[in-house]
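Based on the sequences and whatever the hints tell you, model everything.
Protein sequences appear in the order of chains A and B.
For any residue, its number in the working numbering is found by taking its place in the first sequence, counting from 1, and adding 890.
For any residue, its number in the working numbering is found by taking its place in the second sequence, counting from 1, and adding 3.
There may be inaccurate statements among the hints.
[Claimed, not checked] Here are the simulated lysine-lysine pairs, BS3-like style, with alpha carbons at most 30 Å apart:
#1 111(B) <-> 19(B)
#2 1023(A) <-> 447(B)
#3 949(A) <-> 115(B)
#4 115(B) <-> 19(B)
#5 949(A) <-> 111(B)
#6 19(B) <-> 949(A)
[As the list claims (entries may be wrong)] Here chain B is said to cover these stretches of chain A; the calculated rule only asks that three of the stretch's residues, wherever they fall, bring their Cβ under 8 Å from a Cβ of chain B:
#7 914-926
#8 932-939
#9 969-975
#10 980-992
#11 1006-1017
[Unchecked claim] Just a few of them, taken from the derived set where beta-carbon distance is under 8 Å, the chain B residues facing chain A:
#12 17
#13 144
#14 183
#15 192
#16 207
#17 210
#18 217
#19 275
#20 447
Hints were generated in silico from the structure; no laboratory data involved.
Note that the structure is a prediction, hence the values are computed from the model and not measured.
C-beta: ideal position from N, C-alpha, C; glycine also.
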Amino acid sequence: MDVAAQQRASPATGAVWSEDRLTGIWYIVGFAIAAVSFTFLTFGAAWLLSHRNRGDVHKGLPYESGIDTFGDTHGRFGLSFYIYALLFVAFDIEVIFIYLWAVVFRDILLGGFVSMLVFVGILLVGLAYAWRKGVLTWR
Amino acid sequence: MTALSRTWGRLTLPGKIVFTLIPLLAVLTAGLIAFIIVLGGPIWDLILANLWFIRFLVAATIILVITIPIAFLNIYLEMKVIALMNLRVGPDRVGPWGSLLSVVHGLKVLIKEDFTPTGADSIVFTWAPVVTYGAAVMTLLVIPFAPGMAGQDFNIGLLYFFAVGGMGVVGLLMGGWSSFNKYSLLGGLRSAAQIISYEIPLTLSVVGLLILAGTMSLNQIVMQQSGWFTDWYVFRQPLGFVIFFIAATAEANRTPFDLTEADSEIVAGFATEYSGMRFGFFFFAEYVNVFIMSALTVVLFLGGWNAPFDIDALVNVLNGVVGAVIPSFHIATPFSIALDPGSLGIPLLFVIGLAPLIGTLVLAAPFYLVRSSMRWWVALIIGFVLFNVVAGGLTFAWAYVSFDWVAGLVWFMAKTFAFVFLFVWMRGTLPRVRIDQLMGFAWKWLLPAALLNLFVTAAAVVIVGS
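Rendered as structure tokens:
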């Protein structure tokens, strides 16, 4: 709590702030390394402990409930997945802006409210267009 | 004994080596620790000079290791609670009430063959569970378990949580794509579509809370909710709470939104081709996710580690009421019971040392005296068990009152596992929804509702603020 308060109070005073921020980043990186190495250590232990046999050609085939596979395995899939991804990118970037706006909202009150209304309104026009086009209905 | 020797005979040679090495390593580690303690002047200096690194190692180890019992507990709860809801017995063989069955499941997954299909992209295939599990575990870094017990208290904690937690979907996509299987591909894409759709209402539903809190640090959000339970954000953001909980259910792939694992439709989804430990880590990540989503709900909306009552206010009321009768009565707040063994003196310490013996005898005496048929040693055993229960209870009460992190951890875990139970309850009760209902609900109902919640909160803050 102290660190966070310090950071918000004096963003411009340099050394202490950037050092704290750096420690946080190293914490994340170090923890990611720790998590990945934990996983691979467990894989290694499982590899040492487990049985393996080569089997015949059917063992390596894609599992399709018992029958041999036919047709293209990396087949086609619906376009709607792609459209949902597009919508997601638009709204997720919006969310980052809204988060920053929400944290400082008590300082900007009415002006902030109106500008966010306009910002979200533009995005809602896009959502309404997608809705009208029937994209939001799964087919 | 025969089971043990049979298992030993079945092990591969590397397995035998590992099982010989593990006890050896344990003994060596214990010896090293004893060595450091006994003659460790310079070693202590080295450790103290690198304290931040030691702290990091300890925190990382604790957070990684704590996921294992959490996942085992979740799996056991799921098996047992759903069994009881279906009027079945459920696990009852291994350990008391079958509670060790999930540990056995874990060991079984560990010694199963870890198979890669012929057409699979083996590198991506291996990394997919690592990414999913890593994303789940890394979010634990910012969860405040108790006062002063958080991996890191970032001032962008909530944003970090959503950013890192969102990485999990990449792992599912990787697993689905690299398996070289139609059902895996469909399952991966389907889960990706579901998770990214529900990510939007999930993140937007807490914006109202952020406006009220004015910070993204999870620790500060918890601190703002201290006091009575009416100070919790769930009472100021009821709509946000409902949206958040529904979206969190979908994010964690739980029933009624578990289309990722709809085995009647797409075999086993993205995990169809997985086996052994790589499958185990997908499963592991899922149960850790359930815990994390419950924990985040508790932190944001239900006061985190705060008790539902304000103990200081209660003590003040007690002071006022009793103080009116007895003027000298006063309990200082915040109150704690300090134990200093050095101030007690040798005779009192001697009495405390004899407490187990005296307590056992005192608690055993009534049983022996009242029931004449009871053997003396049965009465002694009952007395000893009772003494341990009483002593454990007293120690716990003392720790609860004296250390705020004990009290905080107790409340945090109680609330979080209440939510885990709720997730299990929903799985035992609700049927799975259709995929078109699922996607339509996220975009046509939850997203507008989350935006409505946002603007209503903002308007209220503007009106109150000006």
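Hints versus structure:
1. Distance check on the hinted pair: residue 111(B) and residue 19(B) sit about 16 Å apart at the alpha-carbon level, within 30 Å; holds.
2. For the proposed pair residue 1023(A) and residue 447(B), the alpha carbon gap of about 13 Å is at most 30 Å, so the pair holds.
3. The suggested pairing of residue 949(A) with residue 115(B) holds, with an alpha-carbon distance near 15 Å, which does not exceed 30 Å.
4. Restraint check for residue 115(B) and residue 19(B): the C-alpha separation of about 16 Å stays at or below 30 Å, so the hint holds.
5. Only pairs whose Cα atoms come within 30 Å are accepted, and residue 949(A) paired with residue 111(B) is accepted, the gap being roughly 21 Å.
6. Between residue 19(B) and residue 949(A) the alpha-carbon distance is near 27 Å, which keeps this suggested pair within the 30 Å criterion.
7. Given a C-beta distance limit of less than 8 Å, the hint that chain B covers the region 914-926 of chain A holds, as 9 residues qualify and 3 suffice.
8. For the region 932-939 of chain A, the assignment as covered by chain B holds, since 7 residues bring a beta-carbon within under 8 Å of that chain's beta-carbons and 3 suffice.
9. As drawn, the region 969-975 of chain A meets chain B at 4 residues by the rule of a beta-carbon pair under 8 Å; at three or more, the given contact holds.
10. Counting residues of the region 980-992 of chain A whose beta carbon lies closer than 8 Å to any beta carbon of chain B gives 7, which meets the minimum of three for the stated coverage.
11. A count of 5 residues in the region 1006-1017 of chain A with a Cβ less than 8 Å from any Cβ of chain B is obtained; the coverage claim is therefore met, three being the minimum.
12. A distance limit of 8 Å between C-beta atoms decides the matter here; for residue 17(B) the minimum to chain A is near 4 Å, and the interface restraint holds.
13. For residue 144(B), the suggested interface contact is upheld, since its CB lies about 6 Å from the closest CB of chain A, less than 8 Å.
14. A hinted interface residue such as residue 183(B) counts as satisfied when its beta carbon comes closer than 8 Å to some beta carbon of chain A; here the least separation is about 5 Å, so the hint holds.
15. Nearest Cβ of chain A to the Cβ of residue 192(B): about 5 Å, under the 8 Å cut. The hint holds.
16. At about 6 Å, the closest approach between the beta carbon of residue 207(B) and any beta carbon in chain A falls short of 8 Å, and the interface hint on this residue holds.
17. Using the Cβ-Cβ criterion of 8 Å, the hint placing residue 210(B) at the interface with chain A is satisfied: the shortest such distance is roughly 5 Å.
18. Taking 8 Å as the C-beta contact cut-off toward chain A, the hint placing residue 217(B) at the interface holds, the least distance being around 6 Å.
19. This hint holds: residue 275(B) has a C-beta 6 Å from the nearest C-beta of chain A, less than the 8 Å allowed.
20. Taking 8 Å as the C-beta contact cut-off toward chain A, the hint placing residue 447(B) at the interface holds, the least distance being around 6 Å.
When held up to the earlier numbered hints, the structure conflicts with none and fits them all.
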